[in-house]
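Chains A and B, in that order, give the protein sequences. For the first sequence, the positions run 10 to 125 when my numbering is used. For the second sequence, the positions run 6 to 114 when my numbering is used.
None of these hints come from the bench; they were simulated from the model. Please read all numbers here as calculations on a predicted model, not as lab measurements. Treat the hints with caution; some may be incorrect.
[Stated by the list, open to error] Which stretches of chain A does chain B cover? Using the computed rule of at least three CB atoms under 8 Å from a CB of chain B, they are:
{"#": "1", "region": "52-59"}
{"#": "2", "region": "112-120"}
[Unchecked claim] Chain A is nowhere near these chain B residues, computed Cβ spacing over 10 Å in every case:
{"#": "3", "residue": "A18"}
{"#": "4", "residue": "N24"}
{"#": "5", "residue": "E63"}
{"#": "6", "residue": "A114"}
Using N, Cα and C, we set each Cβ at its ideal position, and we do this for glycine too.
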Amino acid sequence: NAGVTQTPKFQVLKTGQSMTLQCAQDMNHEYMSWYRQDPGMGLRLIHYSVGAGITDQGEVPNGYNVSRSTTEDFPLRLLSAAPSQTSVYFCASSYLGGLSYNSPLHFGNGTRLTVT
Amino acid sequence: DAKTTQPPSMDCAEGRAANLPCNHSTISGNEYVYWYRQIHSQGPQYIIHGLKNNETNEMASLIITEDRKSSTLILPHATLRDTAVYYCIVGSGNTPLVFGKGTRLSVIA
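The shape of chain B in the complex, shown without the other chains (with noise of 0.2 Å):
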């Protein structure tokens, strides 16, 4: 089973920010918690991951509580190019990763 918990499905207006929470509240000290995203039937691509200190890259920014049981993706400004599955995953060293069910993201114009 996933390790994480994600809510089925968001709406969100073009141009505002997207922001996809995710709850891991079973991660261990080792484990990289990751955001993938899944346009329409294509394989999925990946965005950003981090261990404990918040990340941002060219796609998303990634906040994780102090505590680690939590993190939110953040898409700053959302396209319409930005309607996706997006999949929050807990994993470290050499265990595949398991994917749950993921967000719905719709970007509304």
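In isolation and in its complexed conformation, chain A is listed as follows (with noise of 0.2 Å):
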């Protein structure tokens, strides 16, 4: 059982390039979401989805854009790469359970993104 796996673990953009962090998850979960932790402070939402072909924006979408086609899976693009966007990015999912929600979040190990 892999759990949430993300790839790649490391990765170094130049300003304005594109780029797909890719995560996967083999849960069986409904919700998956995009945090970037930057140096010293907590995690900041970016993306979420509570399923397949629904998306929603977080605190920090600008600069991302996700799609969730399956399940399993929850690319996170960057559009056009800015050094603001160097970061550690984690992808998490859970089992939904509406207002009597108690699934915790199964977090992957991290993507190292630096942007030059």
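Take each chain as given, in its own frame, and dock them per the hints.
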């Protein structure tokens, strides 16, 4: 059981380049999300999805794009990388439970992105 | 913004209980209290959650006050491997969890 898998682990981009951070989970979780974490800071939510075909914006969505074509995958696209997007990116997933939501988030080990 | 307030840092002697406080005075009736921790640069790890009753699992205990405006995470016998940033979060339903800056716990030998 792999859990939440993020690739790549490390990436260096030049300003203006685009790329996709991959996230896959094998737990049949409906909910998936992307966070970024800057040095010394907590995690900030970028985008999230409550099921295939459904996505929504979090706290810091600008400069990022997502899609959810399958339950398993939730890729995060950087459209035109900027130095301000240098960060560690975490993907997380969980079951949904409506108002009785009590399913914990499962996190991947992160992608460390540097934009020069 | 995070709905919780935590001290930025705490120290604990190895083998002693670590008591990490969290204030969530605006918590609503259907919101749970969740605790996660992040060791070094790894992805956050779920510890425990509760609604209004105290909870215990193999990792920790969660004590929630009767008015639910605050809670305490207890690590009964802290070890050096418990050194981490601990996040207290409130949330419910399909609302995404918002992480604050957490408490940096240092366990000292």
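How the hints compare with the structure:
Chain B is given as covering the region 52-59 of chain A, and this holds because 5 residues of the stretch bring a CB closer than 8 Å to a CB of that chain, at least three being needed. Counting residues of the region 112-120 of chain A whose beta carbon lies closer than 8 Å to any beta carbon of chain B gives 7, which reaches the threshold of three, so the coverage claim holds. Look at B/A18: its CB is around 25 Å from the nearest CB on chain A, clear of 10 Å, so calling it non-interface holds up. Residue-level check passed: B/N24 sits 21 Å from the nearest beta carbon of chain A, beyond 10 Å.
For B/E63, the non-interface assignment is confirmed: its Cβ lies about 14 Å from the closest Cβ of chain A, beyond the 10 Å cut-off. With a least CB separation of 25 Å from chain A, B/A114 remains clear of the 10 Å interface cut-off, as annotated.
In this structure, every one of the numbered hints holds.
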